[in-house]
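Got two chains here, each in a separate frame; can you build the complex from them with the hints?
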Amino acid sequence: MDAILVQLLNGLDKGGAYALIALGLTLVFGTLGVVNFAHGALFMLGSFCAVAFRKLITLERVVLSETELSPWGTPLEIRTPYVDEIFGTFGEVLIDWSVPISILVAIPVMLLIGIAMERGLIKHFYKRPHAEQILVTFGLAIVLGEIIKTVFGANPIPQPMPEILRGTADVGVLFGMAKNAVTYPWWRMIYFLFSLGLIGAVFAFLRFTTFGMVVRAGMADREMVGLLGIDIDRRFTIVFGVAAVVAGLAGVMYTPILPPVNTLGMDFLVLSFVVVVVGGMGSLPGAVAAGFLLGILQSFASMPDIKAIFPGIDQIIIYLVAVVILLVRPRGLMGKSGVMEN
Amino acid sequence: MLLLPKKELITFVIFALVVLAMPIWLTPFGASYPALMQKFAIFGLLAVGFNILFGLTGYLSFGHAAFLGVGSYTAVWSFKLLTMNAIPAIIFAMILSGLFALLIGYISLKRSGIYFSILTLAFAQMSYNLAYSVLTPITNGETGLQLTVTDPRVLDLAFAERGEALPQVTLFGLDMAGYWGFYFTAIILIIGYFVAQKIAISPFGMMLKGIKSNENRMGYTGLNTKPYTLAAFVISGMYAGLAGGLLAITDPLAGAERMQWTASGEIVLMVVLGGIGTIFGPVLGAWIIKYFANIFSAINENILHDLFSFLPTSVQDFIVPIFALFVGEGWELTLGLMFVLVVVFLPGGLMEGYRRIITRYVANKSDMPVTELKQTKEPEQVEGKK
Chain G
1184 MDAILVQLLN GLDKGGAYAL IALGLTLVFG TLGVVNFAHG ALFMLGSFCA
1234 VAFRKLITLE RVVLSETELS PWGTPLEIRT PYVDEIFGTF GEVLIDWSVP
1284 ISILVAIPVM LLIGIAMERG LIKHFYKRPH AEQILVTFGL AIVLGEIIKT
1334 VFGANPIPQP MPEILRGTAD VGVLFGMAKN AVTYPWWRMI YFLFSLGLIG
1384 AVFAFLRFTT FGMVVRAGMA DREMVGLLGI DIDRRFTIVF GVAAVVAGLA
1434 GVMYTPILPP VNTLGMDFLV LSFVVVVVGG MGSLPGAVAA GFLLGILQSF
1484 ASMPDIKAIF PGIDQIIIYL VAVVILLVRP RGLMGKSGVM EN
Chain L
30 MLLLPKKELI TFVIFALVVL AMPIWLTPFG ASYPALMQKF AIFGLLAVGF
80 NILFGLTGYL SFGHAAFLGV GSYTAVWSFK LLTMNAIPAI IFAMILSGLF
130 ALLIGYISLK RSGIYFSILT LAFAQMSYNL AYSVLTPITN GETGLQLTVT
180 DPRVLDLAFA ERGEALPQVT LFGLDMAGYW GFYFTAIILI IGYFVAQKIA
230 ISPFGMMLKG IKSNENRMGY TGLNTKPYTL AAFVISGMYA GLAGGLLAIT
280 DPLAGAERMQ WTASGEIVLM VVLGGIGTIF GPVLGAWIIK YFANIFSAIN
330 ENILHDLFSF LPTSVQDFIV PIFALFVGEG WELTLGLMFV LVVVFLPGGL
380 MEGYRRIITR YVANKSDMPV TELKQTKEPE QVEGKK
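Top to bottom, those sequences are chains G and L.
Take the position in the first sequence, starting the count at 1, then add 1183; the result is the number in this note's numbering.
Take the position in the second sequence, starting the count at 1, then add 29; the result is the number in this note's numbering.
The set of hints was computed from the structure by calculation and includes no laboratory data.
C-beta: ideal position from N, C-alpha, C; glycine also.
No incorrect hints appear here.
In silico contact screen, one side only, chain G against chain L (beta carbon under 7 Å); selected entries:
1) Val1218
2) His1313
3) Leu1318
4) Ile1325
5) Val1326
6) Gly1495
7) Ile1499
Okay, chain L solo, but in the shape it has when bound (with noise of 0.2 Å):
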């Protein structure tokens, strides 16, 4: 564990702790069921992948939920013919995305820009529309891909009987649809933001740093920087695959809608919200989308009117309505207001936000680079901004 210097190590050991310890910390926000923290760690998880491309070398793509999907189908595809075992599945689901993503970006990488945006959205939209139509009997369309009691399951069926109910998926015996599950993937979650780590101090990072802020320049020095884009992107194309993998692990249901592009649009919302190249930010972008996606959706007016309940009846009319155009079937238009204001206000995302308090109170350390000893109250802040 000493691979990483001082402060990143310091910042490393917090957040793996705040991570196992979401179980406690997440009580008072009422989100400490497992299958709502599975998807903090998975989406986090893609978000600090996808960081790796969009951050460090500014490259904007807009199709990474096809990467997404394409490590969702391997990992129930594994379940299906070899074993419900979680460790095939997910390195599989890395393989496969990993090779998909080479070819996409391999083509996309030849132009930059928007084009850049354009090309990846086209490849996924691409992907997405086979997914539904042509590959129906490898994605099972429309219905999405599921487990059935009679699937071939080579490796499980040599060692024991065919039993009469579907299959869990398990690690070692260890069913993963509970609380292991989601240490599972809070494990997987804290190795990938090491990993995340690692690459940003590397000079590998420092390359792909050098390439977002000219890459003309990069150029110039006389490096060819095109493998240095195509391992980024291939590199977090693999970190979307493993999400996927996660993702069909915890629920062995995999869907075309998965790649669609507007769930590629989420990825890039998650990132942009938390802050553009910090490795933490990313996370914090995904978890509060989650959060929102999760909790506020539930919200509806009944709930609003025992929240407002200390008020005067005249205008908990008045305020309810308002309050619920927000809440339950509106969470999205939170969602995009907060982004756009976001993106207006904040180009740093809430990660700059969080600098920018840090440099007014504490003056005197004003180049002190960011640390993630506030994060757990991060969310608690923008709700307070709502």
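Chain G extracted, bound-state conformation (with noise of 0.2 Å):
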């Protein structure tokens, strides 16, 4: 029983992560209709701001002290970062809270990219067959990640998590077992928590505001809509704007459990493209429950237990579930009939 409860655990945070891509990724399908391969590089560059947003606040004045010698029997650098200078202690909280407080900073980032993205070059594929959308994009996560790779170069780099946050949850306890049964790390339900509430606040977004309405109505007959004098364009442009904050978030959040590279792009694009064909697409619930079946399932798949009657199924669960729904149910968990059935 605890052994099943870990694993579930396990696979929230990650099904948080495919959900949340993929949410993004279902998104800009129903609207624009476009296949958007450079979507996991979106999630990439989030978990991009992190890293730059640390590297900002923890710059450093040096200064030889002239009266203390290092080991090395050079004068001892002291080192003091200018946000200590500038607030003090409060200094220090702010790099110990580093990634999330630079949720605050993906967000603006994170819209304009995806704006310009979409201004400047998918705008020009809508008429354009799939395969030329799916060119295209691949072709701009390879820059993308590129881009990353000259900058910050190509090996990981991990990203501390808050301190207070670094401990685990005794979660067995509130089931009722043994101290230290079940226990979980609190960043990961952190991040489960926090992909709840995105998620939550993308489907209130789409359902309570006019906005979202208008986008809606778009998703179902976007001539109509323009027909009545709105400018559909420009709300779906902040459409795929708001996939690409979503996106992001998502990679800044991860950041603590997976340490950012130029390649996290492309690792995860796969695995969300996937959970949107499994869900149905153009289908956000389906998705959303998708991606949290998904990655709990590879969590489960990954037992010792399970492995030992099918070697090696955690390497390859997602695919075949994939390989399996697509021949089973072509439309996917909760697809529409008749979107993209071929």
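In structure tokens, the structure reads:
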């Protein structure tokens, strides 16, 4: 029982990341009709927002000490971050909480990147075949990955989580189990809750705001909304920006779990595409459900007991599920009939 | 050789001459060493094969690297178990990758469009992940499959004593690592090109083109399109397996990274860059990408300083760092940018660019189809653009 609970919990945070990426991917597909192979790169860019922010606030002033010597006999270097000089002890707090705070930076940055991407490149591809959309966004993903590589190098850059969140939560006690039977790192729990909150926010945005209503109407019948005198293209551009923000925030918060590296985008892209397909092309609840489902399935498949029966199953489970779903239920779990069934 | 109509025959002969003369005309580009020319030939073959699927039927596979990997592994196993001769290796590589393609194609072709792409992608990722984990006894995991002195090599050792050194891959005594290896791969590329030309003009090829332009209508005429697409898939999988086998012949080492989906993406880049649906375009794309990968990635700041030494130092110091972004480590950035530009402005690839130039300046022959007369010039033009 506790083994199952552990795997369930382990799947939740990964599932949250899949769900967030897939949500943006399917949102873009549902509104703009574009198959965006660069969406994983947006996740990667988000995680590098956190890296860049941390680099920025840990910039240090280096002063050579006049009296003290280092063990090597040279004058001791006294390093003080500029934020400490400006804010005092609050600067320390800022550095400690750099990952959550960089969300504030990532939102405008990702929104701008998303809008620039849509206006600059993707809008020219609405009328072109899906194959060409895949190709151009695939090329764009390579370019973005390479730019990050030139700026930040090709090695993963670990990001520390805030001091206070480094421990683990004793989840088992809640279910009446022995102490420390089932533990779960705080940060992963926060990631799961964060992803739930963000998903909720996106759905609320689409359901309860006028803007969201127009977007949903546009998804249903773009031409009609245009005829009503609404500039639907502009709304859709912003939707693309929102999708970029969602992917970016998923990336920011994931940095303490997985150190960002320029190939991150490609790794997550394949998985999130599979998630979208399993959930059903263009279905938002489908993408979310499939994200969590596949995350949990993946962590169950990596249980030693299951690996003993099917060796290697943890490596292929997601793809296997995708193949089966595509062949048995072409429109995915919750896809509407008629949307991209061929 | 009179199996081709006259026009195709001329193209074919020119192509064959160009390929065989590679050691001569590649010298000014600094690319005329065997290891690179072998890559040109092998990846050219891979691209020709990929085009039979993507170019003729329009099915975009994102999993072709899996067949490349299967071909490589098979060839290395043939060296290990049977003989160091190249011929059995490529035969086994083609058979096994063909069977593998039959299996994957049979399942993936139940869907079309983007779903087909994702299915092939999923299968390739599965093969890649399995090669890294469970199949380690066959693939030797991360280290890659290598030859050892103690391999059984049943056929070889029946006639000769086991030597002390690691054996070389041979073709009845010819060493496959140097120029002989290049001519071997070049001849296979020429044969592969000929077969692709035959397929493109055959009734079978016409069927495939019909499927590309409208599969539904082909279905309405009472044709079952599935066997045709499956055949195209298997043929192009066999090309990929053959290319994988040749890679193992020129360098007997097979690693799983050859099967990763980014490797499949690279194949797609080659074909699209050169020109989808043409026969020479994919080869051209493969050559350009491999040229960039090998030559551009070797350029560093010192070489750039030499290159711009005619400029004043202050201008040099400004220009060199900018160019340095696009060469050396950053050549993939150049590749990505080039690819995006091609897809945006020239969806038909470089061959379409060539055709546009021809139709503009040779207006009276505007409906003249493309010939490869200027093919040796094409890489130059691309560099000029950069």
